[in-house]
Every structure is written in C-alpha cells, then in structure tokens.
Amino acid sequence: MTKNLFDNPYWKMSAKAMEESQRALTYLSTQLNEEHGSLQAVASDATESYLKYVQEVVKHPWETTKQTADLGKNYFRVVKSALSQVAGREVEPVVEAEKGDFRFSDEGWVENAYFNFIKQAYLVTGRAWLDSINSMPGLDDKTRSRAEFFVRQLVNAASPSNYIPTNPELLSLTIKTRGANLVQGFERFVKDLEKSADTLKITMTDDEAFQLGENIATTKGKVVYRCELFELIQYSPLTDKITETPLLIIPPFVNKFYILDLSEKNSLVRWAVEQGQTVFMVSWLNPTEKERNIGFDRYVTDGALHALEVVEKQTGIREINAAAYCIGGTLLMTTLAYMAARKLKPRVKSATLFTTLTDFSDPGDIGVFIDDHTIKAIEHQNNQKGYFDGRVMAVSFSKLRENSLYWNYYIQNYLKGESPTPFDLLYWNSDSTNITGACHNEMLRKFYMENRLVKPGAYAVNGTKIDLSKIEVPLYFISTHQDHIAKWRVTYEGAKICKDNATFVLGESGHIAGIVNPPAKKKYSYWTNENIVDDADEWLAASEHHKGSWWTHWNDWLQPYKGEEIEARLPEAGKLEVLCDAPGTYVKRKLGVMN
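Read left to right, the sequence shown gives residues 1 to 595 (the numbering used here).
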C-alpha cells in the first residue's frame with residue numbers, strides 16, 4: 001500500500017522549512033523599510049578604515065612584499081603538511097589555534113587531511129591579515145584599532161567552522177540527521193529574527209529555564225519605594241545583629257541589577273547581607289519612548305541622589321556606604337562631585353566603584369564605534385525612537401568577543417539545531433535594557449567623545465559645573481586585569497584624580513567574572529598597593545598579590561565605615577510602605593513585551 005505523501009517525514013520537514021522561510025521573508029521585508037542609520041555609519045567607518053590601510057599598503061611596498069613572502073612560505077608548509085598526511089605520515093601542525101579558541105576542537109579537524117588543510121590555511125591567512133594591519137607603518141592608533149576590529153570580524157565570520165561543507169562535525173551531523181538539524185536550526189533562526197531589533201540577536205541560553213525571584217535573583221527582600229526612574233529594594237537580614245550603616249548598591253542603568261544576585265552561591269548581595277549589612281539595591285526602570293527626555297543629569301538628581309535620600313527616610317541614617325558598578329560607578333562619582341559643588345550635606349561615608357570609568361580617553365573595545373560620524377547617526381536614531389534599543393547594544397558587546405559570544409551560538413542554534421543550555425549569567429546577559437535617547441546621546445558625546453567628565457568644570461549637572469577632584473569621600477576602586485570594557489589602566493586614571501582619599505585594587509579575570517568572584521569558589525585572586533603612583537604599570541609592579549577574592553579585602557576596608565552593631569533591621573519595620581517582594585516589578589519588564 002502506498003503511504004500518504006503528507007505523512008512522509010521528509011515532506012513534513014520540507015513543509016516546515018517553507019513555512020519558516022515565509023516567516024523570515026515577511027519579517028525581513030518590514031525591516032528593509034526601516035531606517036538603520038547607525039549600522040550604515042558603522043559600515044561606512046569600516047570601509048574608511050580599511051581603505052586607509054590599503055593606502056598604507058601601497059605606500060610601503062617593501063613591508064607588503066615581505067609579508068606576502070612570509071605568507072607564501074606558510075602556504076607552502078601547509079600544502080606540504082597536507083600531502084604528507086594524505087600519504088599516511090604523521091605531521092606536526094604548521095599553525096595552531098590560539099589558547100581558548102575551541103572552534104577546531106573536533107577530532108575531524110586533525111584526523112582528516114582535507115579538513116586539517118582547510119583549518120591551517122584559514123589560520124595562516126587570517127593571522128597574516130591581522131598581523132599586516134598591526135605592523136603596517138603609517139596608521140594612527142585609532143585607524144589601526146578600527147581596521148583590526150573590522151577585519152577580525154570578517155576573518156572570524158569566514159571561519160570554516162561556520163559552514164557545513166567545511167566543518168567535519170557539522171557535515172557529519174547533517175548527513176546523520178538527513179538535514180533535520182538545519183530545519184530545526186532555521187526555525188530557531190526565524191524566532192530569533194522576530195525577537196531582534198536592528199541586528200540579529202542570537203539566543204544564548206534557555207530563557208524558559210529561569211524565573212526571577214524563583215531560581216535567579218532570589219535573595220529575600222522587599223521593594224520599599226518606587227518612582228519614575230527606579231524601585232528601591234531593601235534586603236532582609238540574615239543575621240541577628242547588623243552594622244548600623246546601610247549599604248546602597250547602584251547598578252548600571254544599561255543592565256539589570258541581578259548580575260550581583262544571580263544565585264545563592266555567587267550573589268554579592270547575599271554575601272554582603274551575611275556580613276551583617278543592610279543592603280539596598282536600585283532597580284532601574286527599563287525605559288521606552290515615554291522616557292525619551294530623561295538625561296544623565298536626571299539619573300544624578302532623581303536617581304542616585306534621590307535613592308540616598310530614600311535610604312535615609314527608611315532607616316533614619318543620613319550618611320551611608322555606597323557601591324556602584326560600571327556606568328553606575330560613573331553615575332555615583334558624578335553625584336558625589338555634584339554634591340561637593342553644591343556644598344550639600346554629606347550623605348556618603350564611603351564609595352566603592354566596580355570597574356568604573358571616569359576618564360573615557362580609552363573606552364576599551366567599544367571605542368571602535370566612537371566618532372562624530374557614528375554618534376551623529378545614533379543621535380538621529382535616538383531622537384526618532386526616543387531610546388537606544390538594548391538588544392542592539394547586547395549584540396554590539398557580543399561582537400567584541402565574537403567567537404565565544406556570537407559564532408559559537410550561531411553554530412549551536414542554527415547549524416546544529418540544538419537547544420541552548422540553561423546558564424544564569426547568559427540569561428542576565430540576554431535580558432537587555434534600553435537607554436533613554438537623551439541619556440545615551442549625552443553619554444556618547446560628552447563622555448565617550450569629548451571626555452568632559454575628567455576635566456574640571458567641563459561637565460555640568462543641571463547647570464552646576466563639577467570637578468571630580470573635589471570629592472573627599474573615601475573611595476575604593478576595584479578593577480579587573482582582563483576587562484575589555486573598562487580597561488584597568490584607564491580606571492586607574494580615575495583613582496589618580498582622588499588619590500589622597502582613594503584605594504585601588506586590581507582583581508584577576510574580566511568585567512563580570514572578576515567582580516562576581518565569591519570567596520568560597522577560591523577562583524580569582526587580586527593585587528593591592530596603597531600607593532597610587534603616576535604610572536599604572538609601576539603600581540602593578542610594586543603591588544602585592546593575594547590569594548582569594550577581593551570581596552574579603554573590601555569588607556575589611558569597609559569596617560571603619562560600618563558603624564556600631566545593632567539589632568537586625570527588617571524592611572517591614574522601616575518608615576516606608578512595603579510595595580512588593582524582591583526582585584520587584586521593574587526588573588521583570590522585558591524588551592519586546594513591555595507595552
């Protein structure tokens with residue numbers, strides 16, 4: 001008996017592929033009708049940087065000839081190695097992937113001569129191209145870093161690991177499943193496309209695996225205040241006795257606060273509460289076009305400064321300890337300078353700055369996007385929409401580590417057709433936050449472009465000119481050695497401005513892992529040096545290396561500012577009405593489902 005054609009699994013697979021293709025085409029047709037000025041500006045900058053590199057190639061024929069000859073020699077070695085492997089002889093690799101590059105970890109890349117040849121030819125070519133840019137005379141630092149970044153994007157996009165015919169693992173999987181992996185992958189691609197903004201945002205983790213307040217952001221507490229800009233969480237005590245001075249944490253308003261409260265085992269919030277501190281957390285509003293006119297100065301006066309006032313109202317304590325992360329630290333430093341300029345009564349006993357930039361002369365890898373041309377395009381887009389879409393920012397930061405944070409998930413989701421695994425850090429990373437148009441425009445131009453904040457009197461909050469050097473509050477700067485967003489040598493410059501009242505500590509690892517570093521894990525260590533000298537490398541050379549987490553060092557540093565020991569302070573016993581349980585409502589507003 002002939003089976004019904006429509007019951008054939010391959011017919012069903014084909015029909016599913018056609019259905020998903022139609023969805024993709026429908027979505028793309030709407031995107032083509034929208035303006036993407038910032039992306040066009042970035043593409044224009046990439047072209048300009050590469051053309052400048054080509055001009056220098058023409059001007060330096062000897063350097064180019066030497067590089068070409070070296071590349072030819074390496075090609076010859078790769079071909080010779082491949083022929084030897086085909087002949088059955090054991091061969092040593094001509095070139096190997098860098099440490100931490102897992103694109104070629106499948107055994108097929110080594111055991112099969114064809115794939116081994118492709119891999120080594122690719123690595124030789126890509127490395128030669130990038131080396132040429134980095135060694136080419138005549139390029140200024142900005143052009144060189146830009147050309148290197150954009151060429152690196154091309155090189156890594158062209159990796160044979162990203163394509164089925166040139167990836168042994170993918171080819172084997174596709175043959176084994178008869179293409180089912182591609183149909184499943186295409187379905188995931190279309191879903192991601194529909195959830196994306198201007199650029200494709202790839203799902204990195206199982207979004208359904210986490211529920212805020214249930215298995216992530218679980219430290220117990222209450223929302224005791226809510227306003228247009230933020231909710232304020234007071235966490236419940238975990239000890240019978242506490243220290244009198246509260247701790248207010250100000251996270252970056254470009255991310256959600258629960259990076260500091262991912263799980264019980266790695267929560268800085270819970271750890272601080274366990275040390276006997278009353279911890280308050282600012283949970284920023286995830287803005288829409290309604291908040292388009294809220295600028296950075298409003299985040300100072302109606303955000304950080306107002307949060308300090310609310311903590312006093314709840315606890316009766318005027319001077320408190322404050323800590324802030326990334327751009328939240330920039331906000332806190334600006335607030336302290338504003339208070340000094342206005343000669344306001346002291347509200348902060350001590351301030352801790354996690355990976356905080358105040359000097360934006362070298363803003364890390366994100367600096368490749370900073371120039372007048374691109375900023376004007378972003379400003380125009382922000383003025384039209386009223387906000388900068390957090391999903392675009394998330395993709396931009398992923399592209400700073402494109403192999404591990406972009407192409408890795410492109411292969412897993414779309415070519416293998418696999419479901420992403422649950423990972424709390426990646427869930428937070430994907431839970432993007434918008435930035436108001438006014439605030440984003442101001443930060444890009446006045447901070448990143450013009451570097452006003454570090455210049456006395458060059459930046460004003462509501463007309464009040466500020467000077468960071470006038471801050472007299474004891475400061476604790478913690479930066480991380482491998483941070484590519486807030487480079488430690490640049491954050492050190494911020495500490496130098498207030499060196500008479502500043503302590504600088506350098507942790508191991510990067511922007512997130514180096515900060516979220518609980519003592520119990522015994523993972524990353526840190527360096528200390530009480531003397532803040534002019535040169536950052538001299539500071540490091542003379543520093544002392546300590547095993548263990550910087551959290552314990554910070555806790556010891558805070559001791560003189562914690563106050564007397566008192567009975568535990570409950571959120572319900574304060575002067576403010578409890579509105580709801582932590583983590584609150586603002587943090588649950590997700591992009592695409594907020595209206």
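In case anyone wonders, no lab produced these hints; they're calculated from the structure. Think of the CB as a built atom: it goes at the ideal place given N, C-alpha and C, for glycine as much as any other residue. Do not take every clue at face value.
[Said to hold, decoys possible] Quick list of the computed label-pair ranges, beta carbon to beta carbon: (1) A458 x E577: 23 to 33 angstroms; (2) Q55 x R77: 23 to 33 angstroms; (3) E472 x R452: 35 to 45 angstroms; (4) F423 x S396: 47 to 57 angstroms; (5) R401 x D141: 15 to 25 angstroms.
Hint check:
1. The given range of 23 to 33 angstroms is broken by A458 and E577, whose C-beta atoms sit roughly 42 angstroms from each other.
2. For the pair Q55 and R77, the supplied restraint of 23 to 33 angstroms holds, since their beta-carbon distance comes to about 31 angstroms.
3. The supplied range of 35 to 45 angstroms is broken by E472 and R452, whose beta-carbon atoms lie about 22 angstroms from each other.
4. Between F423 and S396, the C-beta spacing of about 21 angstroms breaks the proposed range 47 to 57 angstroms.
5. The given range of 15 to 25 angstroms is respected by R401 and D141, whose C-beta atoms sit roughly 21 angstroms from each other.
Consistency note: the structure conflicts with the earlier hints numbered 1, 3 and 4.
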